[in-house]
Every structure is written in structure tokens, then in C-alpha cells.
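Trainee: Chains as they are written, first to last, in my numbering: chain A, 1 to 336; chain B, 1 to 348; chain C, 1 to 501; chain D, 1 to 330; chain E, 1 to 303.
Since the hints were derived computationally from the structure, they do not count as laboratory data.
Positions of the beta carbon are idealized from the N, C-alpha and C atoms, including for glycine.
Errors might be hidden in some of the hints.
What the hints assert, rightly or not - Here chain A is said to cover these stretches of chain E; the calculated rule only asks that three of the stretch's residues, wherever they fall, bring their Cβ under 8 Å from a Cβ of chain A:
no. : segment
1   : 139-151
2   : 225-235
3   : 260-270
4   : 281-295
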Amino acid sequence: MFGYTVKRLGQMIPSLLGIVIITFILSRVLPGDPAVMMAGEQADDTVIENIRRDMGLDQPLYMQFFSYVIKLFQGDLGMAYHTGHTVAEDFANRFPATIELTLFSILIAVLVAIPVGIIAATRKESIADHISRVFSLIGACVPIFWLGLMFIYIFYSILGWSPAPMGRISGDLNPPTDITGLYLIDSLITGDFLAFRSSLAHLILPAICLSTGTMAIVARMMRSSMLEVIGQDFIRTARAKGIHEFLVISRHALVNALIPTLTVLGLQFGYLLGGAVITETIFSWPGVGGYVTDSILAADYAPIQAFTLVSALLYSLINLLVDLIYGWIDPRIRYE
Amino acid sequence: MSTLNKPEETLNGATSLQGSDSLQPTDSDVLLEIRNLTKHYPIRKKMFSRQPAGAVRAVDGVSLSIKRGETIGIVGESGCGKSTTGRAVLRLVEPTAGEIRFEGTDIRALNPEQLRKFRTNMQMVFQDPYASLDPRWTVRQILEEPLRTHETIGQKELEDRIDSLMETVGLSPYHASRFPHEFSGGQRQRVGIARALALNPRFIVCDEPVSALDVSIQSQVLNLMQDLQQQLGLTYMFISHDLSVVRFISDRVGVMYLGKLVELAPTAEMFAEPLHPYTKALMSAVPQPDPDALRDRIVLKGDVPSPANPPSGCAFHTRCPVATERCRAELPELKTYGNRQVACHLYA
Amino acid sequence: ANQQTANADGEQAKPTLTVAYSEGGTTMDPAEASDLTSDTLVLAAYDQLVTYGKKTVDGSEVANTDDIQPMLAKSWEESADGTEYTFTLQDGVKFQSGNPMTSADVVYSYERLGASSSGSFLYGMADIKSVEAPDDSTVKITLNQANHMFMQIIALYNFSIIDQKAMEGQADDYLKTNTAGSGAFKIDKWDPASEAVFSANAEYWNGAPALSKVTLKFTKEASNRVLLLDKGDVDMAIEIPAKDVSALQSNENLTVQSNASNRILYFAMNNKVAPFDNAKVRQAISYAIPYEQLIGDVMYGQAKQMKSAVASNTPGYTDAGYVYDTNLDKAKELLTEAGYPDGFAFDLTLGSGFQDWEDDAVIIQAELAKIGVTMNIEKVARAQFLEMQKEKNLTAFISKWTSFVNDPGYHLGFLLSSEGSSNYINYSNPEVDKLWEEAGKEADQSKRNELYAKAQELITTDSPWSYLYEYNRIVGMNNKVSGYIYYPDEVIRFNTISKAQ
Amino acid sequence: MTAELLEVSGLRTEFVTGGGVIRAVDGIDLKISRGETLGIVGESGCGKSITSLSIMQLLPKKIGRIAAGEIRFKGEDLVRKSARDIRRVRGNRMAMIFQEPMTSLNPVIRIGRQVAESARYHLKIGRKEAELLSIEMLRKVGISRPEQIVKQYPHELSGGMRQRVMIAMAMVCKPELLIADEPTTALDVTIQAQILDLMRELQQEEGTAILMITHDLGVVAEMCDRVVVMYAGQVVEETDVRTLFRSPQHPYTQGLLDSLPQLSEGRERLASIPGQVPNPLELPPGCRFAPRCPVKMRQCEESAPELLSTESGHQCRCFLRQMEKEAVGS
Amino acid sequence: MSETATTLVPNPVPQPSAQVAAAKRQTFTRLLMKNRLAMLGFGFIIIWTILAIIAPLVAPYGPTLTDTASKLQAPNAAHWFGTDNFGRDVLSRVLYGARISIWTGLIAVAISFCIGVPLGGIAAYYGGRIGNVIMRLMDILLAFPSLVLSMAIAASIGAGLTSAMIAVGVVGIPEFARLMYGQTISLKEKEYIEASRAIGVKDKVILFRHILPNALAPLLVQATLGMGFAILTASSLSFLGLGVKPPIAEWGAMIAEGREYIISGQWWLVTFPGLGIATAILGFNLLGDGLRDVLDPRLRSGK
Ligand SMILES: Nc1ncnc2c1ncn2[C@@H]1O[C@H](COP(=O)(O)OP(=O)(O)OP(=O)(O)O)[C@@H](O)[C@H]1O
Ligand SMILES: Nc1ncnc2c1ncn2[C@@H]1O[C@H](COP(=O)(O)OP(=O)(O)OP(=O)(O)O)[C@@H](O)[C@H]1O
Ligand SMILES: [Mg+2]
Ligand SMILES: [Mg+2]
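Taking the hints into account, I'd like the entire structure generated from these sequences.
Mentor: If you want it as C-alpha cells, here you go:
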């Protein structure tokens, strides 16, 4: 298992190299000169030249790529010119917020979708099935940006139930001591329940908003894989043993049905990171999503590269994790 | 014994049918010569292909020669390499080693384009009549494909050819516009046979052509195949795991175990007195449709070993009731005794 | 956010203030700051030698940029030829570090600015030749030549005085994320992703501010800022969209300050690209633009029609030569004269990021269609737009401008002199250039303004731009907040602000 | 209360499909006594599996239903029992093994747990006990090293071993009736021989009655005491095994036996039954075998024959036999 | 021969299993028709497509016709969906928006399909090094968050409708490639493909005439679902300012423009285009799901 993990990590290297190249190319063909952007509108040409020199933009492209890769190896993700910080600083600042948002939406999606999928499959064609199908179909087609706007309007503006869409925690409170960077967990660890409540309240709307698509897809996947598993021979064998239907489903069908669902969940991660871009923009969530949007509009290379690189890396790691969980729940897959 | 040799006329019929063939007829009546045919499939990790971790020795040094107009049956248990042998002979899978000569032409030396052309000489009938016809094509399209691939013929002639092909296999011309799913298994197998016949091949590999069919249908197809052989002078390599079918249709039978030919003999002799312990066990294991039949069954221990790491020496020694030290250590060769061959130390 | 925090030494707790800002800022380094939030941070933490005075316009307090007031310098003298300024520093000013402020710090700060990459151009614009410190409390600045804008320029945030001792042993980019000033606030936290928090500098040499703590909440979505203000979750919000002003005004807890700024919006036409190389065509466009509609429907009245290349609150402004009230017949006539009786088609390039520009473009497009002119709107990302602009071959575009130094010389020099670095439309009128140069050397303000007025008139007649409007800067605040002063650089100075408990 | 262990009478099982209602099993009567082996033979699609699933009450929900008939297990009608009561019988007194040992075992659960599951459920035994029981059962079905096998997963076993595991699983509660639906079809002949031997041994040891479903007449000849021949959802012939092979009465059975290559040794051609099994949605109006029958009469195409007992327990569904009988009777 | 003919007379009554297959094909349309949700989805698509085509005929106003005198009107008799800040009729803009969205979806899916399918097919059929490289590349593309990748692509080639289509299309390539790859891998092992090879049919012909038609069903499902995804992504791009240029009516852009107005109570500006997006995507998803149910016998047998 360990050896396999190391091997898989090793295999990620060529992919990562590909990712690095693609991100580099993509960001370099982005039109717009970051130096012009940075200098501000009243700056003159010498200022821009200074900045270009500072940024290494006067170098030929291959040299830029070279130094980019070398710096990458040193853990230097470059400077984000539109924020004036190193990308690493910005990420350290913002990534926990994005991770908290995505993880929490995955959690919501899984907690809702898996039971819904199971119920829909075991009570096929029942009212419960129809309702859950309709909801999951609708969930998959409501654009996040529309839902987010509606959420803010209804729950904050009209009903006043949710806190202001501003940050991760109420301004009156101090954020919990930084342990994991995830406020919910940190506040639990430190036993700061006020902070926990406040950060939960801030998190809940954007997380639901982000999770709808995933929820819908996972519920659908769970339903169909459950249906498929239920139709298989070994379920008939289990029924032939005369055990209770609940045991048939929970012991025999569930794990088998979870396997394809898990794959979908792993693949959803990329979608969630993309959705986070929009969700964060709408909810003023201080994560990397909004940051990346700004970077793209500002032609700020380094953060775009870093974000795509980090998310591709995360995506690969998550899918490695999914594979490992696979091996754990599905004995047919063995890694050595 | 009477089934061993086909009447002379059939042979002549065959040559006249293939009249315009460019290959030089050889003096010998051997159509196909297989030497040391070997196919090893590299083993890959299930999900992530890396360096091959070993090889499945699907076919491991099979040699045999097939005479014009005869039917050679190949039997053996699942996974012993029957299909692989058949497909390797046609170079549908690329053999790892060995030599295949079809009337003196070294098939393995042909380049892809030559091979494509050469396929008119040898065809295949497949096991699963449901999977061997493209579900989206009508029977006419299926039968047209070989003709269009190799010849440029007019529409009229094409129609005639298809009609006569269908008649040959006992289908009515009005079936031509139907799709495979509108046919029964037996009828589909007829379509499969018609397709194989379309190019007037002289040699057909039949890979379990009746295994998927019910007994009542199976006999229809077996009869048809035998009729065709007589009419067209075909040579068959008939693969099956069903001893009774092989016994019915073959002139000679080869028994395979773990990628190797362990015994090869004329049918009647083989069934009268199997030599190899494996053949004996195999024959005794077949349930007789006769409640009063004598059953002094040799029940073999255990399962067929994996062809990925076959046992040392004689591959059968792990299950052989009469195995000796020598069998464990030394690989017996296929040796000729009269008109039969066996690979066993017992007969050394 | 309205909670009070007790002061460390237990004196009566002062109120805290929460402000919704839009961008998170890029740096706290005075020499490098060039955006609103960065500037705000710098001005909170640093002082300059001098600052602007204030005046009351329409009942609200606004800065008077002509009126230079002492800050770290308690007095100064200007030599007769206008090339030498001698400043006497305040006594007993201490930096936040506790180090005393001396003339050496001033010299250090100015020299540092001169060597910086972004701020150096202002240093250059001030035309400073040398900065000397004859003694601890005196600073002598020598200019290359007389510069009537000098005092205005050094009041800018870039010219903040930095604690030299605090910088010892620090890397040069230390100031990017740290401060070393003498300002009224200490910056406790600056997280560009979410918020910045200042606390009052209790030992501020000019008296501790009235607020104990200020929090800037970075909220990009304008509608969220409006909501936050409306709901009372913030005390102030900047960059309020014009359309929301009336709704906010109907909230009796709120005051909306909408001040005329010197930020202008213009419709630029490339004077070197056909058909805009023909002044008649440019004039025709100017006649065709529905100014009232833009101000009413796009800006909801929170803007003012622009009648010169210079903002109306800039000294020396004149609307002489302005004739372009919307008149499609006249426009058509001019087009016919110019040889385009059936109109023409052109591309308008629009940088992303400003909804009102898009709205303007859509309205202008519809109006131009009426005189047979087809305007295709090309929308590009802001960065791309800026780069394209620099190439100087965009046919037409919409752009804004705010002169940091509210002076026509500064303004025209950048935008409309032939050599101007922001003259992206290749406007070149030798007469204008001559007037501008002369005025730059003219020490007498009224004579200078006359020259500038002449230049403005010439420009207006040439119509290199169609003048769209002058923005109002809109800040909404809770009624409890008082002491807000509008500055043309739009930066809020929090030490003047107080809040009722 | 009869002496029969299982008595199926008039069983009719239907499927509701898009094309209409398929009557997969149409009025079947079966009897199995204790310790007896009854074979059901017939071509693919004739309703063998559906019969066994009906007995086990394992028909696919919603689309499959028992439309008529009784299934009496030890005198009690399973059709009218509650799901709870059926569960008590199923897997406990009456067990089943399936054709595909490959897919019939849960791939993600260890062998030991799967074998002992029904015992844990029905006999309420503990975890430890269950493990010992499964080791014992595996040993009984001839698996060497059962202590290790219980910890393994199905994919780590060969086909033959898996079928042994299936048998162990079915036998764990010592059922009185074992239904085996083509238990050896997926296996090689040498393995098939092993499994058939094993089943015979177990039957002798435990006295279990077996309902053996197969299409292989050889297996029938070897294993069964009595045989039921099915065609298109109906029983066409029923008798003891010897009579069936010696003097089959139904033309279908005769054709089936004749088409076996073994028996036609020395002959140039095989006998064959022309045509194929009718589509269950378009059954012929009269005798269902009539379209393929070499000796059909006009009567056969018009009305359906009854299943008649001819001699001592030999039943046959054919007008010819009916006429013979009438002739003898008159 | 004569003897053969008599014994071998084929029976016209198909065997049950063949019957099942026949039922599958013949009743495909009927099954689909019976799938009420799929029909609902199909209805949405048809309605939107028709509306998109005849938008110029049915739209009460021009999509860009400004009339500031009647701006920001709530839905009323003259403007069923209200008006926006320029007094443009929201209904007309939504109708014209359908043109853009459906067209964008179509082109984007066509791009993904036309590039992804051949890549997947070639990678699977020939395997080996090329196949490996292609699929690795697809994996790499897949590793990017799709929205971010399409944002980057759209930004690179400049905002606008065409670049949004290209961006969304490129992002969809790996899905099709992987699907086709899987299909081809399993199809190329099918006996009928082997039969064609045994006949000596050329690879190209096998790929186009056997494998592609048989892989089409799942590809079609993917294309249908991909339409929904493409519409959504394209409107997200517009929302972020990387989509269409003003004043073109596009649903995502309309929401972006209208979002500032939610707080002042002008809900109709975002609601109607939002419903437009939702129903169009819903339509494609429902149909795709239904198609999958009908085409995938595994799911059906579970019923
Ligand atoms: N494409 C392949 N890749 C890897 N291994 C293969 C492949 N095809 C066959 N094998 C292996 O080669 C061995 C022989 O297979 P083959 O299909 O020739 O057996 P067979 O005798 O025809 O069996 P059956 O009776 O089941 O058809 C088996 O162990 C099989 O798993
Ligand atoms: N789930 C189902 N839905 C509809 N019809 C079904 C279903 N299962 C079986 N049938 C029909 O019931 C009939 C009997 O099927 P059954 O499985 O009992 O055949 P069998 O005799 O076991 O055949 P085989 O030898 O192929 O296993 C067939 O005609 C089949 O079409
Ligand atoms: Mg085979
Ligand atoms: Mg069956």
C-alpha cells in the first residue's frame, strides 16, 4: 500500500509537468501586460519598464519558463502583482477558506445525497423516489450564481436569518486560533463555541449553494449504482439466505454501490473548485476563488498558474485518495 | 476409422473451387503447418499499466499440421488456450513465437497489407452468435462487407452472391434485410458461417460455434457445418470444450492443457483408448446421458493452475493421479506413436 | 461591529468603526501604493510634511487642495525663485515605534521614494533636485526649476515620512506588510482577502483619534456593500452604485454623501485613425451623445455633465468652447460635411470591470445608430484593455481619469499634450502644447489659469474626446458617523472621523 | 398433510413487461419428497429458473408475480405467507445455489462472513461460533486450508472453489431442500465432476432433498431420481430418470435425446428439432411444441393437450399418448 | 442439399432472447415516450429551440431596443417579464438569449465531440504509446477545475461568444475522449469486430463503420448532458465577464447585469434568465437521463 502510494505519487510527476507546461502556456498567452496593470493609470513608461524588469517579463519566454520551473522547485510560486504579495502568502491566507468551503459542501452533499440515493433506489418509482429525482435534477441545473444571489436576497436581505455575506466569521469575534485553518474545526478544538456558531452561520449558505450540483450528481449516481447493485446476483444470494431486507441493503448492497459513487465524488472535486470561484465572488468569501477571478482579469500570471497547479495537484491527490479508499473497501483491487 | 479420410472427390472439388488462386499447390496434402506456436500475454497491473509483471502463457509451443479437407478438433478446459491458438493461427492475435505455414506461405512474414489480402484464404466462426454480428447492420450489410472489402463487383453480382450464400447456409433471401436481433441463435450462427464462407476460404477456424446454443439448435448447426465441409472441401479447426461435439465432428482431436497440446490422435482411437492421464480424466468426467452408464470416474483433485505461473515439468503433474518425480522435473515432449501423439512420461 | 472595545489603560472606551471597502489593497509601502485601499492604509499609518486644507461645499466638508496646511512640518519658506523650500519640523513628534521624528527621516523617506519603482514618477514630477537636512528639525528641498504644483505633490501619500531607525536591519520590502510611520493609526491586521484592522495610536502627536478601532471589510460585490450598509452591518461603505443612492437615502439611519470629484469619464477617439482623424467626425460624435440620458439613466443623477477636458472643480477650469449639447441634426450635418453622409462603422473597445461603462456604451451605440454610425462594442479583460491602450492604436474607447494633483497642468500634461504618457489617442495640437508648456513655467496662478483656459478651449473645439461626465464619489454612512471629509484622491482619513456612541 | 417435502401445484408466474404480460411459468405441478433429487430439464428460456425463484419467493419485485398456484413447503403455503415468515424458511429450511459462482458471491465481504451469515441470522449464533461453523462447513465441502479461506475474498478463489463456497453457504443451516439452478454450467467438466460428487455426498450425509435444474441431460442421468421436462413454461413430461432415457414419450423429449451427439455415434448426421422455442408473448394456440413437432396432428394446432399420467407416475403432455391411452382404455 | 434444406428450414418465430433484443430496438422510441421525465425534458428543449429559432417573430421588442422612459418596470401587460435598466424588454431578451445559449451549447458540444471522440477512439483502438500519451493528456486536462480552465482559455483568446464556445468546448474534450476510449476498448474485444478484422477490413473502416455507430448511444447521452453543462459553463463565463459582449442578450450576462438590482427589489432581471438557464439545462439533463435509462439495459434490468 505504501509502496503503491509512493509509486502513484511518482507517476503524478509527468502529469504535473504537463500541468505546469499547460498553465504556463495558458497564462502567457493571456493578453494584457501585468506591468501596465500594476503600474496604475498615471504611471509613465519608465515605471512600467521598471516593473517589467522586476517581474522578469523582459526575458524571452523560454527563460521565463525556466526560471518559473526552477522557482517552483524551490517552492516559490511567484508574486501576485495585483495583490502585491507572494502567491504563497496569498494562498496561505486564502486557501484554508476555500478548503473549508469545499470540504463542507462535499460533506453536505454526501450527507444528503447518499441517503437520498439509497432511498430512491430501494423505493424505486415511489413518491420518495420521484421527489428526490426531481430535486436532484433541479439541483444539477440551477446555476450557482443565480442561486447564490437568491440566497443572499432571501436569507440575508429579506428574512435576515443569515449573517452578512462578508468574511468567514462575525466581525465582533476573533477568529479561532489557527490550527488547521478551518474555522469550524479550530473553534471546536479550542472550545470556542461562539466562534463555531458564527463561522457555521457564515459557512452554511455558500456551502449549500456550492454543494447543490454535487449533491444532485452524487444522489443520481448513488441511485443508479444502487439500482445496478440490487439487480446483481449476489444480492439475490443474500436474499436467498432469508436475512432481513435492511441487512441486504446495508451489508451487501451499500458498499458495492459506494464504489462508483466514490469515483464520481473524486471527479467532482474539480467541479467544486471551479464552483468555488463563483460562490466566493458572490458571498465575498475570502478564499482563492475570487482571487483567481481577479487574477485572470488582471492578467496576473503567477496566481493563475499556482491555482491551477495546486488544484490539479489536489485533484490528483484526492483521486489517489479515492483509489486508496477503493482498495480499502473493494478487496478486488490490490495495490502493491 | 471410416471418418478419418474424406473421399478423394472432395479434395478435387476444393481445388477446382479455388481455381484462380495464386498460391502454388504443394504436393503434400498438408494445408497448414504450425510449428511451436506460442502466445504470451503480458500481465499488467489491473489499473495502471507499467512494466509487464510477467506473462500468461496462453499458448506455449503448440505444433501440429492440418491436412486438406480434414477437421481437427481441439478440446480442453476453459483457459487452456484453445481460442488463443485459433486466433493466433489466423494472426488475429500476434503470436509471440512460432511458425505458421499455409500451403507453404509463412503467414507470420506477411506485412499488414499482404495479410489483409491473405485473409480470403482463412476465416473464423465465433462462439457467441449474439456478439459476433454487428447489431446495427442488416444481414445483407454483414455479408457484403467481406465481398466489398476484397473485390470490386457490381451490385447485381453482389446480390446474387449474397442470395446464394444465404441459400447455402439455409436462410431465405428475404432474411437479408433483417437485423441480427430478429434472428434466433441458430440462425445467427448461420449468418456467421455465411460471412466466413463469403470469401471462399479453404480453412475455417470454428471457435466453439455451438457452445452458446441449445442442444436442439446445436445439432442443426453441426449438421450444416458438416454438409458445407463436404460440399466445399473445407478444412476446419474446430474448437470446443464439449467432448461429444468434438467427437462427432472431428477427424482428429487434440487435447490441450495449460497452453500445451498433450495428446493428438484420430478421433475414434482417442475415444476408444485415451492415452494421456488428463485425457482419461477429462473423458471420464463427462456426464453420460444414460442413467445406467458405468461410472468409474477419475475425479481430478484441485483446479487448473494459472497459466501465469504454470507448474514445473509436466504442467499436469499437480493433478495427475499417476505423477512421478520425473513429471515434476521434466517437461514431456509430444512424441509420435503410430498415428497418434502424446506428451507423457508414461509412454517414454 | 458596533461593539465597543475598552482601551488598554481603562479610559472611557472609544467607538469602533466598520467600513465596507471594495478591494483588498496590494501594499502598505508608501512609495509603492497606487490603489485606493493601499493608499488608505498608508494615510492611516503615516504622516506627510504637509497636508490639504478643507472647505465646505454644498453643506459637506471637502478638501481644499489649493490650501496647503502644516502636518509634520510646522512651517516652511519658499525661495524667491521658487526652487528652494525650507521646512521646519514639528517638535516632539514620535513615530509609533517611539523613535523621535527628525529631518534625517524626511531625507531618508524622500530618497527612498525617488528610488522606488512606482512612486518615483511623482518624485520626478515634483522635480526635486536634492533633499538636505541642515539640522535635526530643518529640511531643505531644492528643485531643478520652479514648480507650482510642488506643495500639492508632496502632500500626497507617497511622500509619507518613514521611521528610518525602524528600517534598520530590515529588508527593503519590509514596508510592504509592515508600517513604520507616525500616523494616527496602527495597523493591527491586513488581510487583503478579508479585512484590515487599525487601532488608534494613543500617543499620536496631534492628539489621539476619536475612534479606537477601524475595520475595513473587503467586499467586492457592490450590491453586498449596499446591503451591509443598509442592514447596519457596517458603518460606512464606499463606492456605492449610483442606482442605490436613493434607496439608501430613504433609510433614515443613513446619510449618503455624494461629492463631485475630479474623476472624469470620456469617450476617446483616436485622432490618427480614420474617420476620427477628421475633427468634424469627432465633433459629430460629440453632438450625438445623449448626455442627459447617460447621467440620468446610467448614473441616476450622481454625475455631472463634463464640459471641458478638465474636471469642473479643478482650478482654472473653463467650459469655453463647449457647444455639444445633444443635437442629432447637427451631428448628421457635420458627418455629411466630413464626407460620411451615410455614417460609418467603428469598434469601441471596452475594458471589463465597470458596469456603467458598458451601460454608457449600449446607450451611445443606440444613439449613434440614429445618425447611421455603427458602433461595435468589443469587450476585453481590463488588463488586456490597458495593454491595448498603451499601443495607441485603439480606434475608440471609454476611459476614466483622476488627477492625483488637482491641477490642469498635471491633467493636461498626462492626457492631452503631444508627449503625454497617457495620451493614447495621439491628440496633437502644437498650440495646446505651447500653452501648456508656458503655463507650467508661469508662477502666477491667475496668469497660469488663463493659459490653461485657452488650451481647454482649443481642446474642446478639437473634440479629441467626447466628454461624458464627471463622477460623484458616493460614500454611505451611518448617521452616527461624523467628521467625514471628501478628498479628491478619494481616500478616507479616519483620524477626522468620530462616531456617536 | 402430505408426506411430500415440497409440493407445487398450478404455479403460474408472470412478468409485466413493456411488450405485455409474459407467462414464464404456466401451471406447473411438482412434488419433492425428503431426500429425493428431482431434476428439471429444458432448453433456455423455458422457465426453469423462474420456477425455482418462485419457490424461493425471490422473483424480481414489481414486475414478477405469482399469479396463481400454491407452493406448499412441509404443508404450509409459502405464497400466502408474510415476508417475515418466508424469511424464516428461506436460507434456513430451504436454500438455493446459483449458476454463476462468479457473480453470486458478494465481492467485498470475506468468505467466512458470507458462509456463516444465514446461520448467524437464523440460528442466532455469535461471531466466534459463526467463524468456527464456517470453517467446518468449508472443510465439509472439501476446501483445504479452510482457516485461511474464511479470511479471503471471493475473487481470490477459483470457480470450483467458489461453487463449493456457495454450497457450504446453502448448507450451513442444514436445509431440508436445496435448490440448485444449473450449479455446474459455468464450470469445466473436471470441476463439474467434483461438484456433482460433492452434492451427492452431502445429500447422503444430510438427507437433503435436491431440486436440480439443468439443461444437461448427462447431469440429469447422473444425479436425479425423477425428472421433469419443461417446454415453454409447462411441464411436458415427468417420470423417473431411467424411464425417461429408456422410453421417452413426449416428442420433444425424444427429439432432445436424439439430438445429443453422443448417442448418434456412427451416424453421419445428427437428428435435430427444427425451429426454436416460441416467443413467450406469441405462444401457439394449441400444443406449444406443435410448430416444431415431427409428428404433429391437426388437433395439436387447435387445442392444448393436458398433462396425463400414463403409467405408474409417468406423465406426458401429448395428444398421441392421450390417444394411445384412450385406445388402451377402450 | 435438398435434405439440408428441409431440415434447416428456418422458423420465422424468433427465439425469446432475440425477441428481447428486438423489443429493445423497436420499443426504443416507445420506452422513451413512456419515460415521462424524459419527455418533459424533450418538451423543454423543443420549446426553447423553437423559441430560439422564431425569436424574431415572437419577441415583442428588439432585444437591444432601449427605451429609458419605461426602464425597470415590473412585469406588466406590455412587458410580461418587465424591463431592465435601459427599458429593454426582458422577455424579448430572454427569448433572444435562448438563441445564444443553445447555439453556444451546440457548438461547444460539437467541438468536444469532434475532437474528443476521435482522440478516444484512436487511443483505444491503437493503444500503445500514442494511446497512452493521448489519455494522459486527457487526464491532465481533466485535472483542471473545468470552470477555471475555461476562464483561462476564454481570457486567453479574448472575451466574446466565440471564445466562450471554444473554451467550453475544449474543457469538454476529455469527457468525450474518455467515454469513447472506454467504449472502444470494450467494443474492440467484441467478436463482430474481430470478425471484421478476420475478413481483412481496414482499421479505419472498422473504427468508423462498426465502433463509432455502436458507441454512439452513450456518446449521445453524454452529448445531451454535455449541452446542459456547456450552457451552464458558458453562462458562468458571461457572469464573470468573459462571455458575450454587450448589448447581446445572453442569460448569464443578463444575470450578471441584473444582479445589482436584486437588492433594490427588481427580482425579474435575474429570475427570468435564471429560469431560462435552469429550464434549458433541466431539459437536456432530463432527456439525457431518459436516454440513458432507455439505452442502458443494465439500468433497465434493475427495474
Ligand atoms: N487478451 C488477453 N490478454 C491477456 N490474457 C488473455 C487474453 N486472452 C486470453 N488470455 C488468457 O489466456 C489464457 C488462454 O485463453 P483462451 O481464451 O485461449 O482460452 P480458451 O481455452 O479459449 O478458454 P475458453 O474455453 O474459456 O474459451 C487464459 O488464461 C486467458 O485468461
Ligand atoms: N425479469 C424478467 N422480465 C421479463 N421476463 C423474464 C424475466 N426473467 C425471465 N423472464 C422470462 O421468463 C422466461 C423463463 O425464464 P427462465 O430464466 O426461467 O429460463 P430458464 O429456463 O432458466 O433458461 P436458462 O436455461 O437460459 O437459464 C423466459 O422466457 C424469459 O423471457
Ligand atoms: Mg475460448
Ligand atoms: Mg436459468
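Trainee: Mind taking a look at whether chain A covers the segment 260-270 of chain E? Criterion is 3 or more residues with CB to CB distance under 8 Å.
Mentor: Check passed, 4 qualifying residues.
Trainee: Count the residues of the segment 225-235 of chain E with a beta-carbon closer than 8 Å to any beta-carbon of chain A: does the count reach three?
Mentor: This one holds; 3 residues, not fewer than the three required, reach chain A with a Cβ under 8 Å.
Trainee: Report holds or violated for chain A covering the segment 281-295 of chain E, Cβ cut-off 8 Å, minimum 3 residues.
Mentor: holds (count 5)
Trainee: Counting residues of the segment 139-151 of chain E with a beta carbon closer than 8 Å to any beta carbon of chain A, are there 3 or more?
Mentor: holds (count 12)
Checked against the numbered hints given earlier, this structure breaks none of them.
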